[in-house]
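**Student:** Next come the chains, spelled out residue by residue.
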Amino acid sequence: MPRRAALFLLLAPLLPAAAARGAVGDPAERLADPALEARARAIGRELRCLVCQNQSIEDSNADLARDLRRLVRERIAAGASDAEVVRFVHARYGDFVLLRPPLTAATALLWAMPALALAGGGAAILLALRRRRAAPDAAVETAPLSEAERARLAALEAEGGERRPS
Amino acid sequence: MIPELGHFALALACAVALAQGVLPLVGAARGDARLIALAPPLAAAQALAAFAAFVALAWSFAVNDTTVLGVVQNSHSAKPLLYKLTGTWGNHEGSMVLWVLILALCGGAVAGFGRRLPGALQARVLAVLAWIAVGFLLFILATSNPFRRVWPPAPDGQGLNPVLQDPGLAFHPPLLYLGYVGFAVTFAFAVAALLEGRVDAAWGRWVRPWALAAWAFLTLGIALGSWWAYYELGWGGFWFWDPVENASLLPWLAGTALLHSAIVVEKREALKVWTVLLALLAFALSLLGTFLVRSGVLNSVHAFASDPARGVFILVLLALYVGGGFALFAARAPALAPAGVFAPLSREGALVLNNLFLCSIGAVVLSGTLYPLFADLVLGVKISVGPPFFHTAILPLAAPLLLAMPIGTLLPWKRARLWPVLQRLWWAALAAAGALLLALALAGARVWPALGFAAAAWLIGGAAADLADRLALFRRPAAAWARARGLPRAAWGAALAHAGLGLTLAGIAGMGLATEALVALRPGESARLAGYTWRLEAVRDVAGPNWSARRATVTVGRDGAVVAVLEPERRFFPLGRQTTTEAAIATDLLRDLYAVLGEERDGAAILRLHHNPLAPWIWLGAAVMALGGGLSLSDRRVRVAAPAPRGATVPA
Amino acid sequence: MNDTGSLPHAPPRDAAAARTARSRRWLLYAPLAAAGGAVLGFWALLRGLGTGRYDPRGVPSALIGQPVPDFALPPLEGAGLPGLSAADLRGGLERPALVNFWASWCVPCLVEHPLLMRLAREGTPVFGINYKDRPEDARAFLGRHGNPFARLGADQPGRVAIDWGVYGVPETYLVDRGGVIRWRWAGPLTPPLLESELRPLLRRHA
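First to last, the sequence lines map onto chains A, B and C.
Note that the UniProt record's numbering has the first sequence beginning at 1, numbered continuously upward.
Note that the UniProt record's numbering has the second sequence beginning at 1, numbered continuously upward.
Note that the UniProt record's numbering has the third sequence beginning at 1, numbered continuously upward.
Just so you know, these hints were derived from the structure itself, not from any lab.
Treat the numbers as computed from the prediction; the structure is a model and nothing was measured.
Any given hint could turn out to be false.
Between beta-carbon pairs, the in silico distance windows are [said to hold, decoys possible]:
1) C:197 <-> B:548: 41 to 51 Å
2) A:105 <-> B:115: 55 to 65 Å
3) B:343 <-> C:33: 28 to 38 Å
All residues carry an ideal CB built from backbone N, CA and C; glycine is no exception.
The task is simple: from the sequences and hints, build the whole structure.
**Tutor:** Written as structure tokens, this is what we have:
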């Protein structure tokens, strides 16, 4: 870490373009055809600017990001498909350059997380519901109000306002 | 002299906090009323000492005392006074002082406003807060002394990071800390409840205002940070799924879940174990954020200069507080007398669903944030997890949540039937369908923004339907006014907050239709974007207090009339040799005209022009959400004393 | 996740319910376990940060184990050195070689320069690729600090650097005799690194 940090510290004043902000881009680098340019932008947003961290190459004016932007546009202008362009960059910079991690054994857990979280939480809720059904007295329909509930009901009634006419 | 006094005040606050952490706890355990009664005055004393320390530090910054290292490193005499003062917390050491100040003030508030709390509960809450304060005060004193002197004094400071010289960023940290620290209070309530072995409706009622306040501040803090990124970073984006942004979003998600589950505790005395867990979790995630930002384990545009020694210290604190809280939870949660049953289809059931989806989203955000770190450490692979992942992974979880929101608010407690509720929402559904078709018709086949508008209309329509229903607006219009006055503010607040989320969604959907152009213009030339003519009038030099700038004047016209004059700047700060862009934004609340000035070449200036439909609604919606939280907070039932816990709630 | 259970007046639970209660109690330890795991993980991260095993900035090369990419670079104007192309690296080197991306404006390049000189003196072929530099600056740099390079290509647009997966200068690649990339170092070479990593690799691929 220190070596790399030092490297960037040393480089920063020498490379004004490497500043993460204060940059706008260059009209000359854009494609004339709006449809192609839109494709290039969509691809660029999937690619990480390697030197500035957590920014896509479309959102950075680091030298390398600028070069990669130009590269993406050249490939597109040459007729490459979106997947081919991404593959081209991926072959050179590896998984790290992809802001959408590819589905591999190493990232399976990450991609499964939405389903896992939902299934885990859902299973816990179902378990709780089933257990309630196992205790017949607790069934909603037949449970008489307990002393505590009657008291609370009275309190709520006194508070008023909150209940809706149904 | 004043810095030494400040340093002493920090040490004093630490000593007082130590007493506040021990004596009331002993008192509550032994039932000793005198020791219990010590808690509020000790909390007040700690707040005073922390305040004194903060004032001493702010004073050093205000007078630019260059014998103080923090001032030398982060300030400069040429800075406007406002930014000298906000510079107090624009660095690691000072921000920690602000953190403990807010914590101490929260303790003071619990002591002051909590007079109706049962004495033992209040004593325990204050003691837990004191232990948190002790940890962070020791952290400051041991690793991050903000009052360290340098000799000989530097001729002047080295200047504050120009990016921090901005009102948005200056007030972003205090709001965030109010949120984080607010969750320290709910954490303290949860720990106190576990120590007592009792959670009941009264507890829910005590916790909810703190959760609400913390949540509202966190909402504002996150929104301010996002707004800052929008106008300062100059790329027109407002949320980058940066790890540090995620670190603030995580407690927000847990806090949102807590806010909703605490209602169930209050109304139905159900979900108690879960609510206690959420209260612990919200603060745990706040601490996690602190650790991630300050330890250097991740790198981010936002991260403070990292120091492994600090990282270890915060990790130890995290382990103690979070581990302690969860260990207590595992040991004592079974003792929380369970009560209250309900059918799946009921308001409670809907709130459980809300919690399920919010926590699943939280799990995705957490894993997306931490996965690259642990994949590197454990598997040795370097991956990036960026916006495309979060969008893909969160959408399927957010969609059902948004769909269920208006339905849930209309479901009655205990048990419900779906059909009558859906009948009351038919016109909200109609509005959503209308928004969808309108967006498709106006903006072409842009499906995602159109769906976003539909969801926004559904939420806002649903909130309106909820209010109309409570007021019986259509059934008995004459009595609606009287009912509106009688309706609890919490109901208004909930509807407002839900509608605010709708506004934010509409803004995000609008940004999906944003267009931009990158042009090189000579003075007098113009470009066209989104039906507007953008004409560059001139570019000239401007001098600021501690910067110089190039400022462009761009007049934006439509149909021959001038709509707005934009003056984007490129500022150069000689100290630190940094350049920042100051985007110029003209808004009429329906769209932002946004211009950024780039380099100049051969007499032409490069300009990036953005047309961002509905962009302001993103932050407007967040403000409305926070306002809803505030309105709920001012509810009579929050202010009035909670009833004493009922004897019927048997502690096991 | 949900508090269920009987109302205060409910009869004692049956055996099945008691079993689920026990399994639920076990679940209550899950947050503690998760937090414990997270703390241990973070501790390992912090330790790794200290020892250099974990580096949030380091990006591994995607080209390790692959033949050098196709490229042909012209010589640096007026340096009197031949240019560099893939053929030079694939065509049966006698010894493993280093390919060093550098620029005269890069301070760490200056820091590592004496090491490159030493390696070149010891007989390791060192090839240079001059990255986004002005020829006169590059020539002046070599004139002042010495020339370690057997061949030197000039990559002014920085396109060949992208083909190599370079993300900053200096970066140094080890190419074995068959023209396959075996190792990459991003950042300046240092004497400890030379002894601990580079020399063993040079021996292994000799």
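**Student:** The hint says 28 to 38 Å between residue 343 (chain B) and residue 33 (chain C); measuring C-beta to C-beta, is that right?
**Tutor:** Given a distance of about 32 Å, which is inside 28 to 38 Å, the answer is holds.
**Student:** Between residue 197 (chain C) and residue 548 (chain B), does the beta-carbon spacing fit 41 to 51 Å?
**Tutor:** Hint holds: Cβ distance 47 Å, inside 41 to 51 Å.
**Student:** Is the hinted range of 55 to 65 Å satisfied by the C-beta distance from residue 105 (chain A) to residue 115 (chain B)?
**Tutor:** holds, 59 Å
Going down the numbered hints, you'll see the structure goes against none, and every one checks out.
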